[in-house]
Amino acid sequence: MSEIHPRITEVLTGTFKVPAAEILPEATMDSLEMDSLAVAEFAVIIKETLGIDTDSDALLKGATLAEITAFLDDAATAVGVGR
Amino acid sequence: MSGSAARPVRGPAVAVTGLGMITPAGNDTGSTWDGVCAGVSYARTLPELRGCAVDFACTVDGIDLAAAVGGRTAFRMGRYVKLALIAAREAVADAGLDPAAWDGTRVAVVVGTSSGGSASVADQAVALDRHGPEATSPAGILLTIPNMPAAEIAVSMGATGPSMAPCTACSSGVTALSVARDLLAAGQCDIAVAGATEAMICPLAMTGFARSGVAATAGPGVDPAVLCRPFAADRAGLVMGEGAAIMVLEREKDARARGAVPRALVAGAGSTTDAHHPTSPHPSGAVAQRAVEAALRDAGWQAGDVGHVNAHGTSTPLNDATEAALISRVFPHRPSVTAPKGVLGHCMGAAGAIEAGLTVLTLQHGVVPPIANLDVPAAEFDIDCVTKQPLRRRIDRAVSHSFGFGGHNAVLALQRA
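Going line by line, the protein sequences match chains A and B. Residues in the first sequence are numbered consecutively from 1, following this note's numbering. Residues in the second sequence are numbered consecutively from 1, following this note's numbering.
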């Protein structure tokens, strides 16, 4: 499986106290017990730190962490890596 | 007390079966008690208040609150909510109760706060102003509203009985405990998780306190730990604190039937309102005195029965003068007097619950903590302040005073179990 974007891991473990062992590429926000409010907060933190807009309903809710990583990597390429 | 006043019908005896505290003196009940008994202030200069007119306070320290709360939910809780939840868990465990096993329909949660999430309001307002709506938290409202401590405790513990957040400024904790006792007496619940929480130490609130004139200020080179000196002749204002205290209350009969050993009993409660001025107590102290007398009447005590007074004792010139006069009028037999705000600072809405908790421990252990920074009370105060060392004395009946901004007076009568 692919790598997980380091910021995803950082936010999930830091802000949401998700145990690192559960942060796997195939995990989804649902499987990590992140409710809609938590997912919306996650999206705000991603936007504030990476400058990338994510649609918390469409993208984050059903997507695996691998898919979210791919989205962030593509978006970062499009806007210029590292802001 | 008027001998002709009708004696109210007293409800069932209510027991304190569990106690949880998180305060500047310690992150649980035991460490808080040890810290308060040591009689030394926790006030210190805080880097996050740099540049404020009052840049010091007593804070909860040495604990990762989000980690202590755990799970996926800490992000949506303001500091005041986390403090309450941590104290509530300790209280429920102390009571020997298991939220996974209890009948949640019979559990009430009554947790007061004065200011709720005012610190988060300031944070979110700054985020909105500087970075726009997308930078604000989707949990922004939850981080600020005063009912969330009660609500999050209910969620965490599956408590589906009545819940609410009394808000009577510095009396909120005593009001919450009084309301919880009433719910038990009225049969609205079998278990009440009750107390109060406060965490409003932020530049905005500290600036407001400084400008209101009630805060002690430190001159150059002055250690903030010497500033809060309740009942001292040279007292010069309050020092801010924060924290939470939660109790588990049950009808004594029910508690004993399940084998619980009460820490103390809540024997009575009284409350009145000055209806005079937002920050100044009524100079006669007559209305506050009526709250003390109402608590005594509710408990079925005579004033002479009271062996100890936990004073509101804020270290402001006006409160302490009014309160000392009140104590010497109502209790001329000179029961011991302590004022924990010397050690803890003024924990605002949580103060009444924290000090009721300390009074419970005084009754349980036969120890009265000393007032920090006090050698002798001001000469005009005819009260028996405990200073320097803890006083070891069996005490059977005590009262705890809270006199809040807005003129809310609330008094609890607590009895040795």
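Incorrect hints may appear among the rest.
Example chain A residues on the side facing chain B (calculated, C-beta under 10 Å, incomplete) [what the hints assert, rightly or not]: (1) Val18; (2) Ala21; (3) Met34; (4) Asp35.
Stretches of chain A that chain B covers, calculated by requiring three or more beta carbons in the stretch to come under 8 Å of a beta carbon on chain B [stated by the list, open to error]: (5) 11 to 17; (6) 42 to 50.
Because the hints were derived from the structure by calculation, they are not lab data. If you're wondering where the values come from, they're calculated on a predicted model, not measured in any experiment. C-beta atoms are modelled at their ideal positions from N, C-alpha and C, and glycine is treated no differently.
Violations among the numbered hints, reported as their numbers in ascending order: 2
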